[in-house]
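A.B. asks: Given these sequences and hints, build the entire structure.
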Amino acid sequence: MESLKLIEIVGTAAFSIAGTFAAMEKKLDVFGIFIIAFITALGGGTLRDILIGELPVKWIFDPSSAIIVLLSTIAGLLFTTVIKNYHNVLLFFDSIGLGFFTVVGIQVGIDLDLHPAACIALGTITACFGGVIRDISLSNIPLIFQKEIYATTCILGGVIFFLLLKIGVPKMPVEVICLVTIVLFRLLSVRYHWQLPVIWKPVKPSS
Amino acid sequence: MESLKLIEIVGTAAFSIAGTFAAMEKKLDVFGIFIIAFITALGGGTLRDILIGELPVKWIFDPSSAIIVLLSTIAGLLFTTVIKNYHNVLLFFDSIGLGFFTVVGIQVGIDLDLHPAACIALGTITACFGGVIRDISLSNIPLIFQKEIYATTCILGGVIFFLLLKIGVPKMPVEVICLVTIVLFRLLSVRYHWQLPVIWKPVKPSS
Amino acid sequence: MESLKLIEIVGTAAFSIAGTFAAMEKKLDVFGIFIIAFITALGGGTLRDILIGELPVKWIFDPSSAIIVLLSTIAGLLFTTVIKNYHNVLLFFDSIGLGFFTVVGIQVGIDLDLHPAACIALGTITACFGGVIRDISLSNIPLIFQKEIYATTCILGGVIFFLLLKIGVPKMPVEVICLVTIVLFRLLSVRYHWQLPVIWKPVKPSS
Chain Y
12 MESLKLIEIV GTAAFSIAGT FAAMEKKLDV FGIFIIAFIT ALGGGTLRDI
62 LIGELPVKWI FDPSSAIIVL LSTIAGLLFT TVIKNYHNVL LFFDSIGLGF
112 FTVVGIQVGI DLDLHPAACI ALGTITACFG GVIRDISLSN IPLIFQKEIY
162 ATTCILGGVI FFLLLKIGVP KMPVEVICLV TIVLFRLLSV RYHWQLPVIW
212 KPVKPSS
Chain W
12 MESLKLIEIV GTAAFSIAGT FAAMEKKLDV FGIFIIAFIT ALGGGTLRDI
62 LIGELPVKWI FDPSSAIIVL LSTIAGLLFT TVIKNYHNVL LFFDSIGLGF
112 FTVVGIQVGI DLDLHPAACI ALGTITACFG GVIRDISLSN IPLIFQKEIY
162 ATTCILGGVI FFLLLKIGVP KMPVEVICLV TIVLFRLLSV RYHWQLPVIW
212 KPVKPSS
Chain D
12 MESLKLIEIV GTAAFSIAGT FAAMEKKLDV FGIFIIAFIT ALGGGTLRDI
62 LIGELPVKWI FDPSSAIIVL LSTIAGLLFT TVIKNYHNVL LFFDSIGLGF
112 FTVVGIQVGI DLDLHPAACI ALGTITACFG GVIRDISLSN IPLIFQKEIY
162 ATTCILGGVI FFLLLKIGVP KMPVEVICLV TIVLFRLLSV RYHWQLPVIW
212 KPVKPSS
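Same order as they appear, the protein sequences are chains Y, W and D. For the first sequence, my numbering begins at 12 and goes up steadily by one. For the second sequence, my numbering begins at 12 and goes up steadily by one. For the third sequence, my numbering begins at 12 and goes up steadily by one.
Worth flagging that the hints you see were computed from the coordinates, not collected in a lab.
Identical chains share a label here; the pair holds if one copy fits it or two copies do between them.
Cross-link-like lysine to aspartate or glutamate pairs, in silico, DMTMM-like; alpha carbons within 25 Å at most:
#1 69 to 124
#2 69 to 122
#3 177 to 73
#4 16 to 122
#5 16 to 73
Given the structure is predicted, the values throughout are model-derived calculations rather than measurements.
C.D. replies: This is the structure we're talking about:
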């Protein structure tokens with residue numbers, strides 16, 4: 012397990028539990044639940060690694076990620092017998108995963124000497140696209156395209172990350188502040204129904 | 012055609028025919044049917060090759076796979092005039108493809124010196140994810156996430172593969188036994204409605 | 012911006028505007044609209060680059076594509092206040108993108124010394140799969156699988172490209188003829204409802 016940083020372990024576990032809950036809503040069988048948890052937790056990082064050409068993807072050779080997903084899925088399934096309000100639990104773990112994985116993705120970009128904008132893009136892809144691939148797999152329009160300040164939260168966290176770094180704050184506190192900002196902002200945005208403007212006009216259906 | 016092993020040719024042809032039948036259910040045009048057959052037959056192997064970094068994917072440079080898909084699609088379309096029960100035919104070819112492609116994927120993992128668990132994962136991805144990408148493309152929730160012992164069949168076949176190898180059975184009969192087990196188990200599981208447990212509890216819709 | 016050829020800029024801008032209009036139909040928020048425009052414009056080229064192993068994908072390191080998408084999306088959003096008939100505008104920009112990106116993809120294949128059939132496949136993937144990934148993201152069955160002469164138009168353009176090249180026409184006019192053929196053929200095919208044959212027979216739903 013030494014090949015994964017703590018931050019990746021927490022993010023993977025949080026997203027696996029969020030994925031488990033999302034999969035149970037769709038009445039999948041236990042194997043389907045595991046696969047959806049896996050996609051939610053590792054889909055964003057996998058897409059990121061494909062886009063930057065970091066292949067083979069790490070989880071093919073290193074079983075630790077898969078083991079974390081498996082244990083978290085089992086924990087998620089056990090939770091279900093004691094938990095009343097699924098939606099809040101799902102939201103909580105999802106926010107945790109969002110914060111941790113944004114920082115992981117930004118770090119990957121920094122290691123590649125990318126421009127801050129590209130680092131923030133990688134952070135956002137790492138944090139958001141596991142959920143996007145999960146939603147598409149479950150035949151839903153990805154939530155992040157529709158409502159709620161979701162990806163925008165990651166971008167905001169990323170901007171704060173590089174602003175703090177620029178004014179000389181050391182890396183470690185910057186990571187923690189970025190992470191906490193994202194988790195809090197995400198929770199607050201759902202609590203108070205913040206959302207981005209929707210521009211819409213009726214359109215004739217395409218042919 | 013010498014660049015493809017017999018086992019790949021049979022798997023490709025079987026999945027192309029299964030894909031052709033699935034596409035016809037959705038009233039696609041002939042080009043759409045060919046693309047869906049192509050995705051069904053080559054999608055799983057393509058995803059596998061992307062994940063392990065075996066790029067460019069083989070079918071870009073080597074037209075033999077595309078030719079097999081094309082011929083099988085034409086054969087599938089001709090079948091439709093003489094066949095009464097689509098569903099059984101689709102199931103039969105799908106099971107054949109499942110067995111052959113699991114063995115192909117396991118072999119790719121062995122060639123990379125991967126751990127048996129990773130080999131079985133590659134076998135399952137090769138065999139199942141063509142169908143997953145097809146189902147997503149047709150706006151269905153992938154069947155394998157929902158019901159029927161599908162991916163589980165590949166995993167079972169993979170476990171038998173490595174158990175037999177471990178007790179000293181030579182590779183060739185191991186491949187045949189693995190393949191036959193998967194095809195039979197898949198057919199029996201559909202015939203007798205075997206399925207994995209579904210864990211479900213009503214959940215408040217997300218926001 | 013010197014890293015992008017003019018042909019790529021026009022194709023990217025046209026597809027971004029088409030994507031913006033498609034996203035507005037689904038009532039996405041402004042961030043969702045930008046992502047869908049990005050996927051429409053760069054999804055096909057990204058899939059092509061993954062398949063041929065040209066990684067990292069160019070837009071990770073080079074922000075010019077993202078900037079074009081952003082500006083085009085803003086332009087598309089501004090258009091909406093003055094435009095009456097969305098559908099025709101969407102169709103027009105989509106056809107422009109289709110023509111330009113087919114030529115871009117064929118060129119990539121030629122640079123890799125691929126067989127003309129593989130070049131045409133890359134051209135078609137470049138031009139069509141941004142739209143496919145967009146449609147899948149928006150929970151639609153991709154239009155190109157269903158009706159309208161869409162991918163077929165790219166294939167036709169590609170065949171004309173290589174026929175003209177074979178009889179000795181220089182590259183530059185060949186590219187222009189290929190491009191114009193695709194745009195015109197696409198517009199005419201929609202205007203006159205040309206479509207490929209659909210083969211369909213009722214099928215028992217797969218259990």
